[in-house]
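Q: What follows is each chain in one-letter form.
Number of protein chains: 2
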Amino acid sequence: MNGNVIVGQSGGPTAVINSSLAGVFRTAIDRGAKKVYGMRYGIQGLLDEMYVDLSDYIKNELDVEILKRTPSAFLGTCRYKLPAIHENQEIYDKIFEILDKLDIECFIYIGGNDSMDTIKKLSDYAILTGKTQKFVGVPKTIDNDLALTDHTPGYGSAAKYIATSIKEVIRDGNGFSYRKQLVTVIEIMGRNAGWLTGAAALAKGEDCEGVDLIYLPEVPFDTQDFIEEIRELLKEKSTVFIAISEGIRLADGTYVSEAGGGSDYVDAFGHKQLTGSATYLANLINHEIGCKTRAVEFSSLQRSASHLASRVDINEAFMVGGAAVKAADEGDSGKMVVIDRVSDDPYQSATGVYDVHKIANGEKTVPREWITERGDYVTEDFIDYVRPLIQGDYPCVMVNGLPRHLYLK
Amino acid sequence: MNGNVIVGQSGGPTAVINSSLAGVFRTAIDRGAKKVYGMRYGIQGLLDEMYVDLSDYIKNELDVEILKRTPSAFLGTCRYKLPAIHENQEIYDKIFEILDKLDIECFIYIGGNDSMDTIKKLSDYAILTGKTQKFVGVPKTIDNDLALTDHTPGYGSAAKYIATSIKEVIRDGNGFSYRKQLVTVIEIMGRNAGWLTGAAALAKGEDCEGVDLIYLPEVPFDTQDFIEEIRELLKEKSTVFIAISEGIRLADGTYVSEAGGGSDYVDAFGHKQLTGSATYLANLINHEIGCKTRAVEFSSLQRSASHLASRVDINEAFMVGGAAVKAADEGDSGKMVVIDRVSDDPYQSATGVYDVHKIANGEKTVPREWITERGDYVTEDFIDYVRPLIQGDYPCVMVNGLPRHLYLK
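The listed protein sequences correspond, in order, to chains A and B.
Numbers 1 to 409, taken from the numbering used here, label the letters of the first sequence in order.
Numbers 1 to 409, taken from the numbering used here, label the letters of the second sequence in order.
Accuracy of the hints is not assured; some may be wrong.
The list cannot tell twin chains apart, which means a pair is met if one copy fits it or any two copies do.
[Claimed, not checked] Derived pair list, reagent style BS3-like, types lysine-lysine, alpha-carbon separation capped at 25 Å: (1) K358 to K101; (2) K81 to K180; (3) K131 to K35; (4) K409 to K204; (5) K180 to K94; (6) K35 to K326; (7) K59 to K204; (8) K235 to K81; (9) K358 to K204; (10) K409 to K180; (11) K94 to K34; (12) K81 to K292; (13) K59 to K409; (14) K101 to K326; (15) K237 to K292; (16) K409 to K292; (17) K34 to K237; (18) K237 to K204.
No wet-lab data here; the hints were simulated from the structure.
Isolated chain A, as found in the complex:
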């Protein structure tokens, strides 16, 4: 490589998005990049000429290791969709002017669907205008909804966090179960794809009863059926645990959170507020059945709990970062690196490179046959798919009792 590399992070962060950044940095340096720039806040920051020289922050091997364990986007992130080329050519000229000025040879963007759209448009524009920069995407999303890749970096660690936390929530709930009934509804991220919610199934094992019911957005949610299932379960056990996706919808397409609580909840200031689906359903169960209920949300920790990252995930995130630089340096553009599953048992994976035009804006959901017929749990095939991705730990570097992160002031 003769020129420089620039890398950005975009969209919702994950626990391992910085491991990909570390992989990009390492491979770029190894392949002779003179400078490795980092865009602040993705393409949005770049348009304001906000970038850093990563060598100012990653000064040694220890920094690389700490960066791999740092949650959220080290460089900052954005949700910014480029306009179509014919709609606003100026914005593209501006970007390429900055890239030329920085002598950029490889442009690497770590992100999800929208970010791959950015890679697609920039590489298209380069071809249209005869620019020589190469544009390669690195997959990232806890939602695991990107097409063509077996799974996305970030998903395994989020799944590990969710399964671990659910085991702890179940122990907590069952400790209090004497002579009373308790139904706990746990809300998990994922608007359209149930990959993350399905990972709740991992909690069940030799030392844990697991959750009783799992509802994904892929199957229409039937409120009557839901209440009926809980009634049945409460005949046999005093505690019931349910995992639902934030995105579950009724047959008519209305989100459960809108259909119920949302429409009636006016806050103290007269504003309509959406209650979460879990809060709404917990209230519904209490109203219909009369038992005590509890709503649990894991909030942004699902995507930022690097203290529970999976080793498989951290390593794969690092690997795809490096593979993207290699691909761009070897002349690929308009591509995304993917993870191919080479073997299930023992689990093995390798990187591949796909045309980003086939990926951008697509959305991969959970196959219907991996969900039970009644739509209330996932199948063994689902569990076999996800279990390898949560394996192994990547212990934090603990300083004074807390995980140390790499910090960009």
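Model the placement of chain B on the given structure of chain A, informed by the hints.
A: Just chain B now, kept in the frame of chain A:
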């Protein structure tokens, strides 16, 4: 010891309450107890003659280690306050009948304020009626609100979980901060004592900005002042993080959660619902200032996240369990084991034994001088007090990607 030992767990669980149980078991066996019984669901289960022989579950040294890492009450817990002796002597007769039948010599109860009340009443009753059983309490509560002990087992691990999670929430929030303002309100457990909320201050360090404001229940909450402080902060920075206790109250004693959202929030079924204080304040900030806000609750994970337990805490919990058996075996009754801080730096602690009559039903809150004058943060003295308690890790035993727990079916 010639007879048997019985041990129970009571009140809200912690990440290390089972480490105390392990300590009781180990010392009881070491001191020659023939049997170590565990009450199911505390004194409430015992009244229904629900108990187990712990040797059936803790079969070897590995089981002891796994028990130390198992969250929530292994034996199950209850919230059950014994009536005054003169009110209902029958219930006491029933308990002692069971204890006699099981040839109990030492009765150990792991819990908080209410549980120490149980120890007090049972030991009083034994003295009144000439019974020979000894009753000793083991402190436990994430709230850290027990009198006479320097701190309570469970507090350090909860503080470590909160500080770690807050660091991750801050990284997540700051990643998105370009060209927009975001105020995050984090709600932490603690109805009357702010010990846990104050631990949010630990997040600040070389690699983290920390939270900007901390509000404890010990100081009346002034809504106008609160909004004013946020307005000031937003002039200088785009993200503001605030930790509040669930128990913050206005000057007239009304809980913030009641004063605001609570009174206006009627759910879809026409029931009044209490919104959390964080949700209410996040809505308030959005209404008054107009910026984006986010409410985060850590829910029951604060007391059950054994995957992030502090080594100091696990070891002290084990130590006080053993010390309670030793005290009872040596003839103490109506006592609670406490932790004395022998030295701050290096941190050293030892157990002591206090009269439970001086402890039961008392509540230790954060000293006013450990809170800033404006009531919006804690002082260095507070931080120096809590920091030693989060030190060291106690890594989970990971099986197939998840922490293994000891499980009582």
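Q: Now look at each hint and say whether the structure bears it out.
A: Hint check:
Neither within a single protomer nor between protomers do K358 and K101 lie at most 25 Å apart by alpha-carbon distance, with minima of 31 Å and 74 Å respectively. For the identical chains of this complex, K81 and K180 are inter-copy neighbours only, at 17 Å across copies versus 51 Å inside a copy, given an alpha-carbon limit of 25 Å. Within a single copy, K131 and K35 get their C-alpha atoms as close as 20 Å, which meets the 25 Å cut-off; across copies the closest is 80 Å, which misses it. Within a single copy, K409 and K204 get their C-alpha atoms only as close as 42 Å, which misses the 25 Å cut-off; across copies the closest is 13 Å, which meets it.
Proximity of K180 and K94 under a CA criterion of 25 Å is satisfied inter-copy only: 23 Å between copies versus 64 Å inside one chain copy. In this assembly of identical chains, K35 and K326 lie within 25 Å of each other by CA distance solely inside one copy; the values are 15 Å within and 65 Å between copies. Taking CA atoms no more than 25 Å apart as the test, K59 paired with K204 passes between copies only; the shortest distance there is 23 Å, against 43 Å inside one copy. Proximity of K235 to K81 under the C-alpha cut-off of 25 Å is found in neither arrangement, the shortest distances being 51 Å within a copy and 28 Å between copies.
When the C-alpha separation of K358 and K204 is checked against a cutoff of 25 Å, the pair qualifies neither within a copy, at 36 Å, nor between copies, at 44 Å. With identical chains, the CA atoms of K409 and K180 are at most 25 Å apart between copies only, with a shortest distance of 17 Å across copies and 50 Å within one. In the homo-oligomer, the alpha carbons of K94 and K34 lie at most 25 Å apart inside one protomer (23 Å), although the nearest pairing across protomers, at 81 Å, exceeds that limit. Taking the shortest alpha-carbon separations for K81 and K292, only the inter-copy value of 20 Å comes in at or below 25 Å, while the best intra-copy value is 45 Å.
Taking CA atoms no more than 25 Å apart as the test, K59 paired with K409 passes inside one copy only; the shortest distance there is 15 Å, against 52 Å between copies. When the C-alpha separation of K101 and K326 is checked against a cutoff of 25 Å, the pair qualifies only within one copy, where the shortest distance is 22 Å, while the shortest distance between copies is 75 Å. In this homomeric assembly, K237 and K292 come within 25 Å of each other (Cα to Cα) only inside a single copy, at 14 Å, whereas the closest approach across copies is 42 Å. For a Cα distance limit of 25 Å, the shortest separation of K409 from K292 across copies, 22 Å, qualifies, whereas the shortest one inside one copy, 46 Å, does not.
Proximity of K34 to K237 under the C-alpha cut-off of 25 Å is found in neither arrangement, the shortest distances being 64 Å within a copy and 34 Å between copies. Only within a single protomer do K237 and K204 lie at most 25 Å apart by alpha-carbon distance; the minimum there is 16 Å, versus 44 Å between protomers.
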